[in-house]
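Chains as they are written, first to last, in the numbering used here: chain A, 1258 to 1968; chain B, 220 to 639; chain C, 223 to 429.
It is worth saying that the hints were derived from the structure and are not from the lab.
This structure is a prediction, so every number in the text was calculated from the model and none was measured.
For each residue, glycine too, the CB sits at the ideal point set by N, CA and C.
Heads up, none of these hints are tricks.
Computed cross-link-like contacts, DMTMM-like style, restricted to lysine to aspartate or glutamate with a CA-CA straight-line distance of at most 20 angstroms:
#, chain 1, residue 1, chain 2, residue 2
1, B, Lys409, C, Glu262
2, C, Lys340, C, Asp389
3, A, Lys1325, A, Glu1353
4, A, Lys1325, A, Asp1345
5, A, Lys1559, A, Glu1435
6, C, Lys340, A, Asp1871
7, B, Lys402, C, Asp389
8, B, Lys452, B, Asp527
9, C, Lys276, C, Asp248
10, A, Lys1559, A, Asp1820
11, A, Lys1467, C, Asp366
12, A, Lys1335, A, Asp1372
13, A, Lys1559, A, Asp1438
14, A, Lys1547, A, Glu1535
15, A, Lys1319, A, Asp1753
16, C, Lys415, A, Glu1281
17, B, Lys402, C, Asp366
18, A, Lys1690, A, Glu1703
19, C, Lys415, A, Asp1871
20, A, Lys1460, C, Asp366
21, B, Lys452, B, Glu263
22, B, Lys402, C, Glu381
23, A, Lys1460, C, Asp248
24, B, Lys402, C, Glu365
25, A, Lys1460, C, Glu365
26, B, Lys409, C, Glu232
27, C, Lys276, B, Glu415
28, A, Lys1467, C, Glu365
Covered by chain B, according to a simulated footprint, are these stretches of chain C (three or more residues, beta-carbon under 8 angstroms):
#, region
29, 254-262
30, 288-300
31, 365-378
The chain contents come next:
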Amino acid sequence: MSTHITPTTCPFCGVGCQIQLHVENNRIMRVTADFTMPPNYGKLCVKGRFGTDFVHHPTRLKKPLIRKDIVPGRPFGKARRARSLAEDYREASWDEALDLVADTLVAIYRESGPDSLGTYCCAKATNEDNYIFQKLFRTLFGTNNIDHCSRLCHAGSVAGLMRTIGSAAMSNSIAEMENLDTFLVTGSNTTENHPVIALSLKKAVARGAKLIVVDPRRIELVEFATLWLQQRPGTDVAVFQAMANVIVSEGLYNAEYIAQHTEGFEEYAASLAPYTPEWAEKVTGVPAAKIRQAARMYAGAKVAALYWGMGISQSTHGADNATALVNLAMLCGHIGKYGGGLNPLRGQNNVQGCSDMGGLPNVLPGYRFVTDAAERSRFEAIWGVTLNPKPGLTAVEMVHAADRGQIRAMYVMGEDPMTSEPNLNHARHALEKLDFLVIQDIFANETALYGHVILPAASFAEKAGTFTNTERRVQRVRPALPPPGEARPDLDILLDLARRLERRLGVYVQPGWNYSGPAAVWAEVGQVAPEFRGITYERLEKHGIQYPCYDENDPGTLYLFADGVPRGKGKFWPLTFQEPVETPDAVYPLNLSTGRVLYHWHGGTLTRRSVLNDIYPEPIVEINPVDAAAIPVATGDLVRIASRRGEVVARVEVTDRSPIGTIFLPFHFVEAAANLLTLDALDPAAKIPDYKNAAVAITPAEEHGWNLVLE
Amino acid sequence: MTYQPVLTARLGKIDPASLQDYEAAGGFQALARAVELGPKAIVELLREAYLLGRGGAAFPAGIKWKAVSEAPAPKYVIANADESEPGTFKDRILMEGDPFALVEAMLIAAFAVGAEQGYIYIRGEYPQAIARVQHAVNTCYNAGYLGRNILGAGFHFDLEVRKGAGAYICGEETALFESIEGKRGFPRLKPPFPTECGLFGRPTVINNVETLLCVLPLVLRGLDWFKSIGPEKSPGPKLYCLSGRVHRPGLVEAPMGTTLRTLIYDYGGGVSGSGELGGVLLGGAAGVFVTPEHLDVSLDFAGLRTIDAVLGSGVVMVFDTSVDMKAVLRRIARFFRHESCGKCYPCQLGTQRQHEIVERLAAGRLRSGDLLALREIGQTMRDASICGLGQTASGAILSAIDRFGFDEHTGRFLRFDSNW
Amino acid sequence: MASPGATILEAARSAGITIPTVCYHDHLTANAVCRICVVEWMGSRTLVPACVAKIQPNARIYTDNERVRTARRVILEMLAATVDLSEAPELQTLLAEYGADPHRFGSDAARREHGPVKVDNPFYVRDYDKCILCWRCVQVCAEDVQFTFALGFNGRGFETSIATFFDRPMPETTCVFCGNCVGVCPTGALKGKREYLAAQGAPIGPR
Ligand SMILES: Cc1cc2nc3c(=O)[nH]c(=O)nc-3n(C[C@H](O)[C@H](O)[C@H](O)COP(=O)(O)O)c2cc1C
Ligand code: SF4
Ligand code: SF4
Ligand code: SF4
Ligand code: FES
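Take these sequences, add in the hints, and give me the full structure.
Here it is, written out as structure tokens:
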């Protein structure tokens, strides 16, 4: 039996590990990693090493599917949840399916205009897929209603970083992590969510680095921490403001950096006066002395890095949380240096790239604002069409717009809003108002079951392209297998659809929709966004390259802002502390935090269909021993968790990882979808919902009533 | 026999639990003298005395002390009292009979090298020694000999007694560190050596109990006295663990370099059993056999090297001609097979293969090629093992085969088998 | 010329001289347990392991003389007489190269046998009959990579084995199934469950 080894990029988290797929008889038999290859240098986590078997799952979509009640030429009903694929769908040819999609989208567009379309591009798909996706909808339909799940994870960070320094990417690199001097990790359970990055962080500690963890949960990194600040959930801003207060009042700030690279310091410094550590102790529960210690440790270091994750971003104060962190870094001048910086850890394999490619309602590829006339006309010149100058709707806003009947058709590529959106009951009502829903995916996830048309796509192992990892490293994705049945790579599907739309709409876009392959698409990306120009497929053959990279001799960029921040001068933002929107009360006495666990990923679409599910097969809610005793429940019991919006049943694990008063529920499980419980209140600046704070009540449950059917 | 014992002088004469007794018998005078001399002078004294380690490896103690005294704090001193070498019992007798002396010696070591923390690592099978030394340590804390600002001399020293993990390998100094650190007792790679990177990765002096106790008379009586005992290249008093077929086995304190003949016939009262000397195992299981031709060799580290033998920890195990030498070898082979820590391949695998072959030898079922294999395994263990255990695991067996006239065809030791 | 601080192995490699290694892995801490890489350093009582010993100016080192070759051959012979090396092609090659005869110890020579293959988790199996105790898996599970410390040692001497605390099944340990141990195991003692099942002839469904 011959084994064929294909080097490619892990399809799960944003670390972007380089993996080698060993394929025998069209089956992935083994996954290894090259010890000389950045960013992971031979290391993997359980998902990359063992979890790619989802590509062989029998429920892979293999043929285009059309809802049975759709008859060509006749009007059809609104989106509604199918009983099952077999009962409610019929197989169709690609021609029939794509023609139906093209005809219907065009009809709705002609009736109701560009704003009646809503689209989700995909943080799991390649850069090339996403570039073409947004180009298709922007150029052919003139809509900017383009977003993806990064809205639901990263938008808080983006808003905070954009208004302070003008760039939202992770500033520094994985390669620096083993050599850190001092670093602060907050709102990131790194060992579970970015496992291979966590290895470098642990190594840094083993080599003598000082680690400050700011987190309500006793995450594994706490064991490695020099200092652990366990703040009351939702009070992050208070901790960081108080640290800033200490740094200013003790004169620990970097006056030189502040003078040269920032503005607004005086006003900001004055605004800190009320935020003393003693005040913060009352608000956050963290002893004032520890806040002082943390401030001195961070400010006193020659260079110190900040790492954060969803705990910071996924909040109705997400933008403020991130802003508070940027303020700290600017105070101390820990920016633009090796081993320092502002490092939001990106969740999905290509969530960075999807944003880079313009998969957002307000920006074109390379973060050129749609409102920027000069940039717009540059793109118009290259693409040969007029572009819509009005920013589109964000993910949650699109759901609200669908509910209002403003959005009539949705095109969803590889995303699963029916798992990832907050307040799912509301999202379902909204989806059910759609006249047309198109799904393009490798599995029929929860959202797909509402689709009118389902288009089968190739998985990461069956297509070519590039992913961009959390440290801005563009890396190759290579096909190791043929797709199952008639499934096609996303790029193929999109280009085919574009050609059908072009004829119907009579809109002709440069250079047409006949790219020779992903390499040609990528070359165009370099043309429209010069920071990618130096990154060519030939160069990527050896290893990934970190953008910005302007020409072929440019080695890429290890860390950003060595010569200042994009905004010119970093802007200090005075902040006011606000409590979470919903806090526990007599009826809903516990705080719910949602998140991820090591063995699953995102909506669970992939990992529930892999061997990973064998080790973590059902929803588990983590409850502190004190809370468990009060209910009372024990490990292994079933409980009903209810919020004002819905309820789910999950199995209990009693653990002091969760602080008293807060429970933790992963959101990977459709049968206990955590987002039935969460709120859809949004951060005013970032439009990101709060997944970390919702008031819930817990009661023992007799039966779980789960019925997981994988379609 | 004009030699006046110093290491064993107090044994049986004082109550080992009594600090008063110890002080009345000259205890803590060496410490007082050491404090007068100061650290530098003590280290210098040790260097000039050329005191060689009595634990087995015969490394000059002065060199270790000097290196650690010049290294940055924190640093440690350790008394190696694991004493697991078969046939060795000197450290036990010293600790049981004169435990305060070990504490005093540790104090001097710590004072000389600038350590504020020390450990006495005592073999787990020595409950009596552990109890007495622990009692001595506790008493010394109460009396102000341990703790802060000792003797008002401004130095601090904390001393802890640790019970050994019950494995021969834990007497190997780096395995002993691992054991104290709470890890499995695997020897470490050297370099780095303990003086640079020892316990908890810090500079460490580790010495055998006897080595440490030699420091007391050296400090009190001075260099000239020390040098006047024994040969120039390895001076000082020595404890010999005389055992086996002699009329008066036991612990013998004599000048370094006493001959085997003096030990066996003067101290030991001659060979028992058949009355005819068959051979002597020097240095224990890790040592080598010598024959009656070697009776007049000087029992010191340098002298024994001339006859490819070692003094090791001072074991002198006497065998008369009626002994079943094959059974002795089988016990030795089994011992090493059992005690190999399993870290490095030569010893992990070699001690097993050696044992299999020696079993066949003992059962008279040697196969062709077995002896060659035994020699090659022995050479490989000696050449390639990580630590002293593997390096010495074949010495006794191969020396017996070479020196006692083993006949491959009959499978008999001419020297021993003829008599039974 | 070798860079200062280089090991003998590194120096030899840069001079184009091959020294065989077994336990050594370019990207892990060298524990120098197999001693296959030993060389003769004039003036040293014993042979020295090239994978950890640092080269010094004017050292006279023999990487392939009779003494060195004997040690390597005997170690290989003893290893092959003890462990199932059927899935360790590199070791097979070395055995041939050194003319090693593992049968010299007789057919009754004890082998290290551990009972049935341990299949106690969804991801990988442990077939310790194939384990050469190279320590790599323990090392990656500890400070070299994972800081999980799920793997350690049991027994000693010839009976040493790699084991979890109290020999618990992997899911009951701190193991996070990163499989980094599987990635460095040179002999097939650790391997993916899927591969193991396929080799057993089991139909390999995706799950
Ligand atoms: C397997 C093995 C066991 C050892 N056991 C002991 C022991 O029980 N006591 C001891 O003092 N030294 C023992 N040693 C020697 C120590 O490693 C070390 O050389 C000694 O403690 C140094 O002290 P010294 O210089 O005073 O002799 C052993 C060495 C080996 C290789
Ligand atoms: S750390 Fe992330 S990228 Fe690396 S193997 Fe795990 S899931 Fe894949
Ligand atoms: S020589 Fe023996 S005891 Fe010493 S390290 Fe090697 S296996 Fe362990
Ligand atoms: S299981 Fe594999 S990696 Fe671990 S010690 Fe054995 S042979 Fe080496
Ligand atoms: S390769 Fe050097 S000891 Fe194993």
